[in-house]
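Peer 1: Listed here are the chains, written in short residue letters.
Protein chains: 6
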Amino acid sequence: MTNTALEKRSKISTQIDLDKDGVQHGHLIIPHSRNDSPWGSLLMPLSVFKNGEGPTVLLTGGNHGDEYEGPIALIKLIQSLEIDKVKGRVIILPALNYPAVKAGTRLSPLDGGNMNRSFPGDADGTITQMIADFVQRFILTRVDAVVDIHAGGKIMSFLPTAVIHNLPDPDHMERTLAAARAFGAPNCLVLEELDAAGMLDTAVEEMGKIFISTELGGGGSNRPETVRIAETGIHDVLVHLGILDEAPKGPGKTRFLGTPAEAFVIADKTGLFEFTAELGERVEKGHIVARIYDLDNPTAAPAEYRAPCDGIVIHRHLMGQINRGDCLAVMGQETDNFS
Amino acid sequence: MTNTALEKRSKISTQIDLDKDGVQHGHLIIPHSRNDSPWGSLLMPLSVFKNGEGPTVLLTGGNHGDEYEGPIALIKLIQSLEIDKVKGRVIILPALNYPAVKAGTRLSPLDGGNMNRSFPGDADGTITQMIADFVQRFILTRVDAVVDIHAGGKIMSFLPTAVIHNLPDPDHMERTLAAARAFGAPNCLVLEELDAAGMLDTAVEEMGKIFISTELGGGGSNRPETVRIAETGIHDVLVHLGILDEAPKGPGKTRFLGTPAEAFVIADKTGLFEFTAELGERVEKGHIVARIYDLDNPTAAPAEYRAPCDGIVIHRHLMGQINRGDCLAVMGQETDNFS
Amino acid sequence: MTNTALEKRSKISTQIDLDKDGVQHGHLIIPHSRNDSPWGSLLMPLSVFKNGEGPTVLLTGGNHGDEYEGPIALIKLIQSLEIDKVKGRVIILPALNYPAVKAGTRLSPLDGGNMNRSFPGDADGTITQMIADFVQRFILTRVDAVVDIHAGGKIMSFLPTAVIHNLPDPDHMERTLAAARAFGAPNCLVLEELDAAGMLDTAVEEMGKIFISTELGGGGSNRPETVRIAETGIHDVLVHLGILDEAPKGPGKTRFLGTPAEAFVIADKTGLFEFTAELGERVEKGHIVARIYDLDNPTAAPAEYRAPCDGIVIHRHLMGQINRGDCLAVMGQETDNFS
Amino acid sequence: MTNTALEKRSKISTQIDLDKDGVQHGHLIIPHSRNDSPWGSLLMPLSVFKNGEGPTVLLTGGNHGDEYEGPIALIKLIQSLEIDKVKGRVIILPALNYPAVKAGTRLSPLDGGNMNRSFPGDADGTITQMIADFVQRFILTRVDAVVDIHAGGKIMSFLPTAVIHNLPDPDHMERTLAAARAFGAPNCLVLEELDAAGMLDTAVEEMGKIFISTELGGGGSNRPETVRIAETGIHDVLVHLGILDEAPKGPGKTRFLGTPAEAFVIADKTGLFEFTAELGERVEKGHIVARIYDLDNPTAAPAEYRAPCDGIVIHRHLMGQINRGDCLAVMGQETDNFS
Amino acid sequence: MTNTALEKRSKISTQIDLDKDGVQHGHLIIPHSRNDSPWGSLLMPLSVFKNGEGPTVLLTGGNHGDEYEGPIALIKLIQSLEIDKVKGRVIILPALNYPAVKAGTRLSPLDGGNMNRSFPGDADGTITQMIADFVQRFILTRVDAVVDIHAGGKIMSFLPTAVIHNLPDPDHMERTLAAARAFGAPNCLVLEELDAAGMLDTAVEEMGKIFISTELGGGGSNRPETVRIAETGIHDVLVHLGILDEAPKGPGKTRFLGTPAEAFVIADKTGLFEFTAELGERVEKGHIVARIYDLDNPTAAPAEYRAPCDGIVIHRHLMGQINRGDCLAVMGQETDNFS
Amino acid sequence: MTNTALEKRSKISTQIDLDKDGVQHGHLIIPHSRNDSPWGSLLMPLSVFKNGEGPTVLLTGGNHGDEYEGPIALIKLIQSLEIDKVKGRVIILPALNYPAVKAGTRLSPLDGGNMNRSFPGDADGTITQMIADFVQRFILTRVDAVVDIHAGGKIMSFLPTAVIHNLPDPDHMERTLAAARAFGAPNCLVLEELDAAGMLDTAVEEMGKIFISTELGGGGSNRPETVRIAETGIHDVLVHLGILDEAPKGPGKTRFLGTPAEAFVIADKTGLFEFTAELGERVEKGHIVARIYDLDNPTAAPAEYRAPCDGIVIHRHLMGQINRGDCLAVMGQETDNFS
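Protein chains in written order, with the numbering used here: chain V, 1 to 339; chain W, 1 to 339; chain C, 1 to 339; chain U, 1 to 339; chain E, 1 to 339; chain L, 1 to 339.
Among the hints, a few may not be true.
A pair holds if it fits inside one copy or across any two, identical chains being indistinguishable in the list.
[Stated by the list, open to error] Within a straight-line C-alpha distance of at most 27 Å, the following computed DSS-like cross-link-like pairs (lysine-lysine) qualify: (1) K269 with K285; (2) K11 with K269; (3) K269 with K76; (4) K269 with K8; (5) K11 with K249; (6) K285 with K76.
For the record, the hints were derived by calculation from the structure and aren't laboratory data.
Note that the coordinates shown come from a computational prediction; the quantities given were computed from them, not determined experimentally.
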């Protein structure tokens, strides 16, 4: 890849020319010297479908390595996308934090890196930072929109939902909302992000480009429904952006949700975790949503956690054990602002 | 505890007298010398409710350490059971493989022991074997029935079901079936166990006593529905056995299921795992239930796995990654034999 | 907490208002995403006692996680300090390197961080660096004096002593000496620090504020005497500073010690370690203070280590094994300069 | 070594002939195949001093690998014992659990083995069991008395004391008491062992031979006083047995102590550990000897632990953290029975 | 597989019928419950070529998991062997210690098991013992000869050689020698095994059957020459036994070697290892074959190790570091006894 | 060491004065606080031979910790170099990445640091970076030439060769070529480095000084031939530079080689690795040099890897297992440009 304008070389290379027409399947080649692979490298999958002029979209899965709807839906897309129907360019990274996806862990096993707090990255940094830097400088600069498929991972679960941010620029917000409506998930959460530094979301939004994320189920698993939401949503965003010349598949109408400031419930005990509501259940403020028991003192009354506001349970800690400081539930509230 | 008739001493002791009337909460004291606890011991919870003459039941959770309906339902029972309504004896071990429950792992972190393949145990063996031996010699000898609450653990998920074995002795089978009907789970699987050696089930059944197990959901989690099935089922078995003087809580009728010999589908690839059916879904033989993708070769066709017979999907591998040799699905078939 | 003047936000937050009157017990909330706690946080204890105008003191324990006099004395102070007797403000961090204290290790298990070489910290750095940054920017800026309780940790042991630095500014030195005399430990070491970069000491002293440290015993343990020295010393410094309206508890007179440049004895062998003097013993130059044996060559003569100067043995390596490069003893010499 | 009468071969060999006159320094050669040492072996030090007819004594250190008075005193003896003054035989194993001593851990890092619960051993078992078997069959059969030097290890500390068991056979008891008096430690504990199975003590006592153990200090350290007690005690037992033709070195009179059944205090909390008595202090029943604090709830009252009887504090948990189930203190009571 | 006569069931099963004519490729299915594969199993490759009556040979590689000539030569044979040319039966286990071969380690990563010290195995034991038991009872009972391909592994290196034992029964020895001559390696070592218990060799030889082993190079590697020796040798043994109807490929004459009792040189230092001879070099007694340096004392004279007898260097420690107790070289001597 | 001109202090110190005449053996003292060595330090060997005026050469081994010709040849030189024959200065660091050499690993076990990608280092960084910084600022500034002895490490193997870079400055190139010819290895590779950032090579070459590296064999081993090449080459470079007043030892003529851009063959499969050429063999483009087999599918055709150009095999992956992304072979081509 020739990028004559770039001041700093990445150690990552690829045999793919991002700007060439046609279908290319290849890798990012990431040098990685280990004791048992002195001259080793990581080969991280990258596919590009380009057909003439038109918008460019980046599709990513595996931003966290234990979230599977993204990698599966994107591998299926790699196998089914017909270049003749494409107008513009589709760049697919089915495993954005490749070492984490290989390990099945949220964070990279190589450097502990959380890819979604690593942007804009560092060309001389850890593997996670090197990938973020490459994406930031060589890919994001080429795209008009990004769809980044997340789920709850092994520990948490979400009501299936698209996620966008409440953007200050009205035009930016409107373009993003239109894409989110096209995505067509059952729910769409419009977030005020508290800790946005380092996110892929932030990197894209700061360039004024469209960014759609999702939270589709969880438990480190996948179900026909959650994979279908990812596949349909991606397809219909491609159609919406004019990149794919097909009819949209999605039928449904999206319910828009917001989260009030107090919506996050935090555990202050470590112990056995009983969740006493169902995801998607509408509960009133004060309703007990969870209890934490101390196995070593089975006669002690459990700690009880209550809904901090009226609303819908949109997120829960999934595991039967919980650590002090973990988020155990999040409440959402319907909003008409974006419908 | 005085057990003058026992030929071999266990290193495990307890301050509880299993044969005394009243409510006792205490521990099995299991000596465990470690580098950082030279004279350390494990204190594994044990509760006994005894009120006069009557049958004895043993209730166990945490046979595998990442299955939570048992520990939670039994701690709730420890906090709510009224001794005045008991006639006979209820022995509760909410964390049968205590080190595994503390670690949140299927197997004991201390010795890798699978408690459910460790019976009849060994008084001079590992911690897991010492616990099995104590239960075998000092508790099972005292009981008339055992209810052992399992779920799918972190990796697998089950349609909520009670589980019993197809026992050769008709009277034994009838007593077991009556208890299973009283338990009242939505489903009851009647198994021909292939690998029964070492199971708690086997230890109890070989004594001609009633044994009810369950598989309630999975994912290392718990939901209101699965905890309720455990709580109601335990309650109604206590009522059924005449130990608890209350009305049964359970409404429902149980659907009985069997598993044909070919019902277990095994993965022969390692890779990204897509499950294409829903738990409880009725599928025909040949229906694709799962696919395995190779992330490193995203253009390669996935391995496809098909239902080996008509039936209901009663078990699935849950994680989005699977290992060669893993069981990826089990089919069940309705039977009228036991209704 | 509102800090409008601060240019850079910390990711650490707290429900405590450092500037509000009254007693507040709460936490620093430190975000910490892990594979098993994706949205997890660490809740590090913080207590503030404020009553009107007056000086502010910061009291810290657990700067190193295997030194226990600080955490214990400060928890006891949290439970006993009466706000009515306070004039000014007492800020208490009983576990400055909270992850290390939880693990019982000198360094943080999360990032290997030595808290006492991490100042002024980094808001975007590791957990250890984030804590240092928060203390540096939000707490040290508010205080007049810091008392930081150390001991020898699991590996080393000290003659119980307060520690201050020989400061270039006479007024600064005099204020510090006065506080050290008030602390009233049996000994007070006046150090020329060789490797001061990154220390909490340095961070405080560079602001011209009072800093008192201690080395109280060791072995990762605590004794009534060492806890009493910490409790009494802290109490009497509060009285001395005019923050606590009580009579001083400490009776004793402090012996001032210095360490000559050659006072540190380093092992150049790895092996079994015999210490041949007692802590506090007065020895002459050339006296054998330790021997190192090679277990694999039991007939080989041991390496012998001798006192490099006349003086008192104020520090020893405690463990029966020693590594090449370890400090095995430090000598102190009485001085009249500060009495 | 030729042992024609032995039915089973040990995999352990040695270049030393245990029955030959003279001084021999060598090793037990223990085969140990590892991934990085396929044909590797462990060379565990063994020294034998034999001079004509007379009794045989076995001297052992490092039964637990983090107790150092034994290895140090015995290496010093290996370097200083003059064969001309010996009459009979002295066999020295300064590191009985050699892998544990090398690692500085109580238990063997190779197999987790507690040497003092591994007798009579197993020639086909783990490394720990192989060593125990060799000692049991090839060494204990040759000896008249054993002195086994223990201390408190890294986690615990003891008032320096010799330890013997209250033996049922009066002659056996009298021979043992005479040797203990000759050893001349400041204290001698006469124990009723609760968990004697597998101990070296038991293996020797069952042969009707003299067995003297010790508990000298602790903390994984050593001090001049504790090494001196070990050296003097060993020397004077050798004199007492008629093996060494020198004058006894020990001056002192031994105080005999017993432990009542209730003397062991067990922690039922995990947390920060404050010990509120001194080793050797005489306290009354009900005196608070320790408190356990919860760092995460610094305002919660600590758990308090009280002396279960009048007596002397002879053992304490040393570390500033303690685990539920740990022994935190042991009381001893003076007795005139053996003086 | 139906084995009605066998008293004890193995937990290992296979879809292959060892006694059926034709070519079958399949697995031993070894149940292996792990935390991340609760119902998991290991699928260990097994191929059987059977064509009518005739002798049966078992070919094994991967007895140690870091020795590669066996697995590679046997996979090549699996892909090339023509059933029409077979008369009798060829059973191939290319990875006898399958978990070790997958991990690339000498010993099994699952249980530390050395397969070649695990025979006759244990049906209820560890994975390594279960495999040994299955081979012992279900395969060795069917065979006439075994060829087991070893090499030096990652740590050691050998002059390429076949290995047989000096068998007491002359007819057994003659059949074995004939097969070894047919194998046609450049060298053939005739060993008196010192530590034969548990070896596959012993298991086969005790049944009076032919057993040929090899040591082909080392370093955890393979070269064209060493793979060719394995392939040619296996081929020609099949021809020699009348199982394969082809011409022998091997040209060469084998040099027979013995090892005198003193031929094994053991390191008594740990350090940097310089080997000063070449494999296959003829040296005289006293010639320096290796030196060990202490990096931490570079001016100290190295330990020197000399040839214990005249002869040929047939084995060396390969790595540049060596551990005390390792075998650093073995000498062989030519013999005319078997030519 | 006094370095008044240096703006930033290193935490590393040494008792050696680099500028003093005579022979000095000592250490770099690198502070390294660990949980078990709170005030610990690493003592990294350093020797200096200085005799009057003349050039300075730095000799380094152990840049990667599993390459042994350097440490061994340099320790031998330390023991044999006669100061009287020296004119100028020889600085020897036999273990440049000291922690890696102690561990026998390519990278530092303390921080994962690859020393040869860590220059110019960081005085406040990790141990590896601190060493690089010290060498960069305090040693490289004093030298005229550097000889850095590498080999293939545990995983790879090279045809024994010296290595230099094709330098843009003709005079610099000629001085370097002259030194390489003096070194006299059988081969000399003239490289265009692709990834030169951070190398010791680059640090030296950017100062316009002579830099000679080597790749001598591999496998984490050493042979008489490879040690001899290192010893002779170093000796003769010292003579060539006028530092050593002896006759050159080397007889031989060096063959110069280049590597075309396509010469590096990368594995795209993980599996069993068969290498089908010999190091040093001359092969034609398209010749199969390696195959990768899938043990779990032994009947599947192996992946085949072919020579990308005519030439000599100068490097191979050595281990019998290979990872996707590893370099499996490198081809070299003879060149007359430098002879």
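Peer 1: For every hint, state whether the structure bears it out.
Peer 2: Going down the list of hints, with the structure as the test:
In this assembly of identical chains, K269 and K285 lie within 27 Å of each other by CA distance solely inside one copy; the values are 21 Å within and 35 Å between copies. In this homomeric assembly, K11 and K269 come within 27 Å of each other (Cα to Cα) only across copies, at 22 Å, whereas the closest approach inside a single copy is 45 Å. Taking the shortest Cα distances, K269 and K76 sit within 27 Å of each other only across copies (18 Å), while inside one copy they are farther apart (42 Å). In the homo-oligomer, the alpha carbons of K269 and K8 never lie at most 27 Å apart, since the shortest distance is 48 Å inside one protomer and 31 Å across protomers.
For the identical chains of this complex, K11 and K249 are neighbours neither inside a copy (40 Å) nor across copies (42 Å), given an alpha-carbon limit of 27 Å. Taking the shortest Cα distances, K285 and K76 sit within 27 Å of each other only across copies (24 Å), while inside one copy they are farther apart (42 Å).
Comparing the model with each earlier hint shows violations of hints 4, 5; every other hint is respected.
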